[in-house]
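Chemist: Below, each chain spelled out in residue letters.
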Amino acid sequence: GDSVTQMEGPVTLSEEAFLTINCTYTATGYPSLFWYVQYPGEGLQLLLKATKADDKGSNKGFEATYRKETTSFHLEKGSVQVSDSAVYFCALNGPGGFKTIFGAGTRLFVKA
Amino acid sequence: DTGVSQDPRHKITKRGQNVTFRCDPISEHNRLYWYRQTLGQGPEFLTYFQNEAQLEKSRLLSDRFSAERPKGSFSTLEIQRTEQGDSAMYLCASSSTGTSGRAQETQYFGPGTRLLVL
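In order, the protein sequences belong to chains A and B. Start counting the first sequence at 1; every next residue gets the next number (the numbering used here). Start counting the second sequence at 1001; every next residue gets the next number (the numbering used here).
If you are wondering where the hints come from, they were derived from the structure by calculation, not from laboratory data. For each residue, glycine too, the CB sits at the ideal point set by N, CA and C. Be aware that a few hints might be false.
To be verified - Only some residues are given here: those of chain B computed to face chain A with a beta carbon under 7 Å:
1. Glu1052
2. Phe1109
3. Gly1110
Stated by the list, open to error - Taking lysine-lysine pairs in the DSS-like style, the calculated list, with each CA pair at most 30 Å apart, reads:
4. Lys1014(B) with Lys1057(B)
5. Lys99(A) with Lys1057(B)
6. Lys56(A) with Lys111(A)
7. Lys1071(B) with Lys99(A)
8. Lys1011(B) with Lys99(A)
9. Lys1057(B) with Lys1011(B)
10. Lys1057(B) with Lys1071(B)
11. Lys60(A) with Lys111(A)
12. Lys52(A) with Lys1057(B)
Whole structure, please, built from the sequences with the hints as guidance.
Modeler: Below, the structure is given as structure tokens:
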């Protein structure tokens, strides 16, 4: 079945460092890909999405490119801030459209 | 509209008791989903509704779990005879059926109900 694998955390970075969180997927057909973020004590928020190969999703300085050839959707940010500390979930939504499959999440800590 | 809301936010119960959670989706959304999230894991799909019809249920949803969406608006998730293994965050999400294709739908999540079964 469809699945998402993302790098284990926690990831600890200093402020202004470069961030990469790896995500790969297994899916039939052509899924849409998402990154969600969960700040402490809050619900999941959509961070960005891409719906077809080579699409780049971006938001709040974060970017991810849908790479069909490597089945990847890695999250990047050029300069992280303390306020980016959260858990990041990579997810896919298959052709059926009704079920989002999530990775296990990667916790990010950013130190001042 | 301020988004998806869930009630209660926290619930502590004793093993064997029944609990019921409520979800109010974004008003124009016709699809509603329930997920369960355990500590250190991503959300896992439980069930989904399109309007009032429950169209899919996960194998995770045992006979003790039942979900309803009687008027196609709010939904309830009931757990009967709770067990300690039911302790988790229960998330509700909603979406609308877009014209660009179902796979592109974005699901909007509520804050969740955290259940602790003692």
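Chemist: Indicate, hint by hint, whether the structure satisfies it.
Modeler: Structure-based check of each hint:
| no. | hint | result |
| --- | --- | --- |
| 1 | Glu1052 | 15 Å, violated |
| 2 | Phe1109 | 4 Å, holds |
| 3 | Gly1110 | 6 Å, holds |
| 4 | Lys1014(B) with Lys1057(B) | 26 Å, holds |
| 5 | Lys99(A) with Lys1057(B) | 10 Å, holds |
| 6 | Lys56(A) with Lys111(A) | 28 Å, holds |
| 7 | Lys1071(B) with Lys99(A) | 22 Å, holds |
| 8 | Lys1011(B) with Lys99(A) | 26 Å, holds |
| 9 | Lys1057(B) with Lys1011(B) | 24 Å, holds |
| 10 | Lys1057(B) with Lys1071(B) | 19 Å, holds |
| 11 | Lys60(A) with Lys111(A) | 19 Å, holds |
| 12 | Lys52(A) with Lys1057(B) | 27 Å, holds |
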